[in-house]
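Just need the whole structure built from these sequences, with the hints factored in.
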Amino acid sequence: MRTRILRRSRGRAQEARAWGRMMPSMRVARVLTNETCNQGCSFCSARRPAERPELVRPRSVLARIDAALAEGAREVVLTGGEPTMRRDLAALVKHARARGAERVVLETNAALVTESLARSLVDAGLSIARVHMPAFGPEADVITRDEGGFSATLAGARALVAAGIPLEIATPIVRENLELVASIPGRLRAADLPVSRLVASVPVDAPDPATLAPLEGAARALERLDQAAREAAIPLSLDPGAAIPPCSFERPARLAHLYALSPGGATRPGHARVAACSTCVVADRCPGVPSPLLSREPASRFRPLTEDRVRRKLTVISSIREQIDRELVTRDVHRTPDGHLVPSYIVRIQFQCNQACDFCFVSTHLPAPEEEDVRRAILEVGRAGGVLQISGGEPTLNGRLLAYVELAKREGAITVELQTNAVRLADAGLTRSLEEAGLDVAFVSLHGSRAEVSDVITRAPGTFEKTARGLDALAQTKIQVRLNFVFCAPNRADFPDFVRLVAARWPAAQINVSVVGGFTDLVPRTESLIPRYGDLLPAMREGLEIARAAGISVLGFESMCGIPLCLAPVDPRGFFDLAEIPAGHDGGEFVRAEACGRCELNTRCFGFRRSYAELHGTAEARAVVRGAHSSFPPPS
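Numbering-wise (the numbering used here), the sequence shown opens with residue 47 and increments by one.
I should point out that these hints are in silico values taken from the structure, not numbers from a laboratory.
Computed from a prediction, not measured in an experiment: that's the story for all the values here.
A couple of the hints might just be wrong.
[Unchecked claim] Label pairs and their calculated CB-CB ranges:
id	residue 1	residue 2	range
1	T257	R505	30 to 40 angstroms
2	E626	R515	34 to 44 angstroms
3	H631	D134	43 to 53 angstroms
4	D623	T664	24 to 34 angstroms
5	D623	A329	49 to 59 angstroms
6	G630	G287	32 to 42 angstroms
7	H631	S337	42 to 52 angstroms
8	A521	G183	33 to 43 angstroms
9	D238	T376	31 to 41 angstroms
10	E296	T257	18 to 28 angstroms
11	P99	R349	45 to 55 angstroms
[As the list claims (entries may be wrong)] Listed below are the simulated BS3-like cross-link pairs for lysine-lysine, each with C-alpha atoms no more than 30 angstroms apart in a straight line:
id	residue 1	residue 2
12	K512	K455
13	K512	K524
14	K524	K455
Note that beta-carbon positions come from the ideal geometry of N, C-alpha and C, so glycine has one too.
Now the structure itself:
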């Protein structure tokens, strides 16, 4: 981080802010603790040969921490130089926590971390250690100019983990490691080093600009790193303070999960606009190109992003932390057929996904939530004696999945369900481990009877076959399998063939019916995606007849993701025993048709999703009267 000395005439509060960089959109404050370092990365612009007394003295650092928290920071990042060169580091962590910091993060190369220091940091309240690792192995020593440094870093990282401190790996992408970064995720996994996430950065300013990666090389390296992180199941994020614009990539949608652009966030110091920005769909939220990068490579070509789908994937509607907090837990109630209400919780342990369905309403560009937040949510489920639905994104990408399942069962969740696309469950070892951990239900998304349908919807070619193999592996366990078929315009005629596939290949499975809805701004509200209910009913009815003949249960009509109960092509008498929907439970997402006022299922049915009503209206609704129908006729 680049710093500068302020004139002596400025007050203490201004002096404190000079060496503490606030990132208001995330309520994260980076507080400089010192400027010397035990390593010598040539691209580093923060390191100095000697400390400045006015910056490094304890009272100055404490004042910077206090100023950051007074300005609303929720997370304090202690950075350097190398903070572990300070003897009072644990005291700084303890001070930040005592003054109200929700999280304290340490940025370090960990080469000086001992078991004793790690224990003192965890006792002081350190939340995360973010360890600098530009390469894995002796190659790192060449970059850091520190012979033997990588071995010391690895030992320090293991000491931090042993003390119970969650570990992140920070990897800058520079000229020296362009061909090395993609190997880091796999080598971390092979070394059995538990990492909560990788944090990549692309420095654009350095004492020697020749050490920086060219834009094209950095973009390709980041693409390779992203793919390697997916394969190693390690979440990857991009430091927003050291990022290249999303238009730098060959397939921006593929890397969109690394960004969290906010409407109105187009103005950021140190950035410039180029001609392509004028027609780009994220021009109102992307700050443009870092000015040092543009000065260094003025001939770089940038393409405007034109797809609304990409805009939605790049966008976050509040701070990253606030959005994670909002999406982490969905508190619901499960309505049993006999009229009871059971607390139900969806806990999203992962936001990133290995598929890209257009109708997905999850912010898949967010980093994974912190382990302590997930554990807290699971403990709440256990105390309530509720149903836990572990979800994502794709939760099997999270390396802590098994531990979360075990925790939920140990703490008293009555049912533990995994919502997954099962792509990774083709690994029979993982599937057996989930069974041994206590998983009760696998709720598997599969939206077509064949790859030609499914892979178009998921935008992930090849995953239909992987999901099918995952289902084959699940069928060899005692885990209850429930297949979720989301009706949308591209697959609306495929449901009968889907039921035939299930009956032939996974006959013990249940089928859950969902209908695409415009839940959030992430879901396009178009007729090309969201069909009329009436257009779905012929295929839905035919599929139900096939399922009935095969003895397969079909569920989901009564859920928030189902359809108005008056339109469900089943005998409505089965819905009268449902518990009434608690007041306000629909969150204002649903509206009633005129016919709903006369319907005896009115208090047990969600009605029409507001986005559907805006697109198609509510004229399809029909009042259901108890005793008037033995089976509901098809709409005319």
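Q. Which numbered hints turn out to be false for this structure?
A. none
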